[in-house]
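Novice: Chains as they are written, first to last, in this note's numbering: chain A, 86 to 317; chain B, 2 to 258.
The hints are simulated quantities; they were obtained by calculation from the structure and are not laboratory data. Hints are supplied without guarantee of correctness; some may be wrong.
[What the hints assert, rightly or not] A few chain A residues facing chain B, derived, Cβ under 8 Å:
{"id": "1", "residue": "Gly88"}
{"id": "2", "residue": "Ala90"}
{"id": "3", "residue": "Tyr125"}
{"id": "4", "residue": "Pro151"}
{"id": "5", "residue": "Phe152"}
{"id": "6", "residue": "Gly162"}
{"id": "7", "residue": "Arg165"}
From the three backbone atoms N, C-alpha and C, an ideal C-beta is built for every residue, glycine too.
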Amino acid sequence: MDGRALDELRPIEAKAGIIKNADGSAYFRIGKTVAYAAVYGPRELHPKFLQDPKTGILRCYYNMMPFSGIGDRVRPGGSRRSKEISMVIQKALKPVLELEDYPNATVDVFIELPQTDAGSRCAAICAAAIALADAGISMKDMVSAIAVGKVDDKIVADLNYDEEAYEDGPVADIPVAVLHNTKEITLLQMDGEISKDELLQALELAKKASDKIAKIQFAALKDKYKVNADQR
Amino acid sequence: MYKELRKYIVSLLEKGKRNDGRTLDQYRDPVTVQYAISETAEGSAQVQIGDTVVMAGVKLSIEKPFPDTPDQGGIAVNVELYPLSNPEYEPGPPGIEAVELARVVDRGIRESKAIDMKKLCIEKGEKAWTVGIDIVTINDAGNLFDACSLAALAALKNTVFPKYEDGELNYKEKTKKKLQLGKEPVSVTVYKINKSYIVDPNMDESRVYDARLSVASTADGLLSALQKGGESALTAEDINIMVDMAVEKANFLREKL
Numbered sequence: 086m087d088g089r090a091l092d093e094l095r096p097i098e099a100k101a102g103i104i105k106n107a108d109g110s111a112y113f114r115i116g117k118t119v120a121y122a123a124v125y126g127p128r129e130l131h132p133k134f135l136q137d138p139k140t141g142i143l144r145c146y147y148n149m150m151p152f153s154g155i156g157d158r159v160r161p162g163g164s165r166r167s168k169e170i171s172m173v174i175q176k177a178l179k180p181v182l183e184l185e186d187y188p189n190a191t192v193d194v195f196i197e198l199p200q201t202d203a204g205s206r207c208a209a210i211c212a213a214a215i216a217l218a219d220a221g222i223s224m225k226d227m228v229s230a231i232a233v234g235k236v237d238d239k240i241v242a243d244l245n246y247d248e249e250a251y252e253d254g255p256v257a258d259i260p261v262a263v264l265h266n267t268k269e270i271t272l273l274q275m276d277g278e279i280s281k282d283e284l285l286q287a288l289e290l291a292k293k294a295s296d297k298i299a300k301i302q303f304a305a306l307k308d309k310y311k312v313n314a315d316q317r
Numbered sequence: 002m003y004k005e006l007r008k009y010i011v012s013l014l015e016k017g018k019r020n021d022g023r024t025l026d027q028y029r030d031p032v033t034v035q036y037a038i039s040e041t042a043e044g045s046a047q048v049q050i051g052d053t054v055v056m057a058g059v060k061l062s063i064e065k066p067f068p069d070t071p072d073q074g075g076i077a078v079n080v081e082l083y084p085l086s087n088p089e090y091e092p093g094p095p096g097i098e099a100v101e102l103a104r105v106v107d108r109g110i111r112e113s114k115a116i117d118m119k120k121l122c123i124e125k126g127e128k129a130w131t132v133g134i135d136i137v138t139i140n141d142a143g144n145l146f147d148a149c150s151l152a153a154l155a156a157l158k159n160t161v162f163p164k165y166e167d168g169e170l171n172y173k174e175k176t177k178k179k180l181q182l183g184k185e186p187v188s189v190t191v192y193k194i195n196k197s198y199i200v201d202p203n204m205d206e207s208r209v210y211d212a213r214l215s216v217a218s219t220a221d222g223l224l225s226a227l228q229k230g231g232e233s234a235l236t237a238e239d240i241n242i243m244v245d246m247a248v249e250k251a252n253f254l255r256e257k258l
């Protein structure tokens with residue numbers, strides 16, 4: 086709808102290490118959707134009875150800034166939507182983390198979005214994955230996420246808001262998180278109408294798209310350390 | 002809790018020095034204002050003072066005016082201290098720290114009459130614009146008072162009205178009509194530590210101060226809001242010195258807009 090090819094992603098920009106206080110942090114922009122992520126931890130988990138001597142835990146918090154939506158102000162303080170998204174983000178990231186390395190500890194990921202135009206949970210996952218790597222948390226793989234789907238009769242990648250809200254034909258919006266090496270899927274949601282064959286096509290498209298995103302995530306991490314090397 | 006830190010900072014201040022090498026009335030570098038950092042807001046800005054980074058966004062909405070001011074719009078200021086910005090912050094509803102910040106910023110803008118509330122009225126008693134200012138912290142390295150106040154003002158300066166026609170509000174179409182600001186109230190908080198006065202405290206200094214005074218002032222030197230904080234009392238002489246310092250530094254910050 087915005088002149089892109091069906092499999093073409095919106096412009097992506099990623100940076101690592103943008104929040105000084107955090108142990109790891111990242112900025113991830115795809116089109117007009119922007120996510121900031123900060124990782125604090127591994128740090129001691131309170132209250133103590135939540136601690137697990139066998140493994141650390143991962144906690145994720147997704148939040149839209151009050152001015153981040155076109156239209157009405159987003160009331161601060163968490164909604165059912167943000168709670169669910171926080172939960173699926175946690176599930177998308179946890180499989181790659183080696184949390185057994187951090188007994189009794191928590192790794193906290195805070196994600197804030199200053200502006201959104203669809204695909205915000207995927208942008209959040211991409212930012213969070215870079216921030217976790219930046220924090221030096223042991224990771225088996227990179228996680229990249231993208232929304233794929235169907236608009237009218239076309240299978241497309243990276244739906245924007247207008248495409249999600251398309252009303253003159255069937256639409257399916259499928260956020261997917263893909264692990265870079267194994268191509269396993271750790272986030273899969275869908276709303277809309279789609280056949281099984283089309284779903285499988287869409288997942289193939291998601292794998293290809295996630296490859297492109299992973300390259301940008303890796304580049305952001307390398308870039309941070311390049312800058313540090315220059316300063317020395 | 003910070004006895005040794007306080008002793009060290011006081012001993013430096015007595016020699017006119019600070020633990021990061023600044024003079025007493027010097028802001029950290031850089032002090033920058035970046036406009037239009039969120040396309041979904043009607044106006045927005047990011048302010049950086051040293052390592053402290055905050056964002057402010059303005060959302061305009063149409064509401065029914067309050068019965069006692071039927072011909073006026075309104076403003077609402079909210080501050081969120083994000084756990085993303087400081088390891089000590091936790092998720093949850095705003096605590097007293099965030100509420101005080103928001104109210105000090107609110108009063109600085111409201112009482113200076115920077116925004117003409119009557120111009121926000123669309124239909125008397127029925128419809129008026131409400132200016133919602135949300136300020137959020139990205140990296141908290143001290144002096145949120147000045148950073149939040151400056152970010153709010155910058156976001157207001159960046160604000161344009163969305164299209165409103167025949168009773169329909171269309172957020173997707175922005176008009177060329179800017180939010181008019183009659184004045185530019187800038188708030189500076191001066192901190193007293195032992196016998197010294199400083200501006201723009203870093204994290205260490207924020208932990209050991211005795212009293213603080215936030216002073217919002219406009220370019221003509223008029224004061225529009227005050228807030229005294231901290232555990233210790235201030236004398237009239239203290240206040241005299243602190244207000245002078247705040248007005249002078251407000252002019253420095255105003256130049257960054």
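Novice: All hints, please: hold or fail.
Specialist: Status of each hint after checking the structure:
For Gly88 (chain A), the interface hint is violated, the least distance from its beta-carbon to any beta-carbon of chain B being 18 Å, above 8 Å. The interface hint given for Ala90 (chain A) is violated, since its Cβ lies 24 Å from the closest Cβ of chain B, which is over the 8 Å cut-off. Among the interface hints, the one on Tyr125 (chain A) holds; its C-beta lies about 5 Å from the nearest C-beta in chain B, closer than the 8 Å criterion. Hint status for Pro151 (chain A): holds, given a least beta-carbon distance of 4 Å to chain B, under 8 Å.
At about 3 Å, the closest approach between the beta carbon of Phe152 (chain A) and any beta carbon in chain B falls short of 8 Å, and the interface hint on this residue holds. A cut of 8 Å between beta carbons decides the hint on Gly162 (chain A): the least distance to chain B is about 6 Å, and the hint holds. The interface hint given for Arg165 (chain A) is broken, as the beta carbon of that residue sits about 16 Å from the closest beta carbon of chain B, more than 8 Å.
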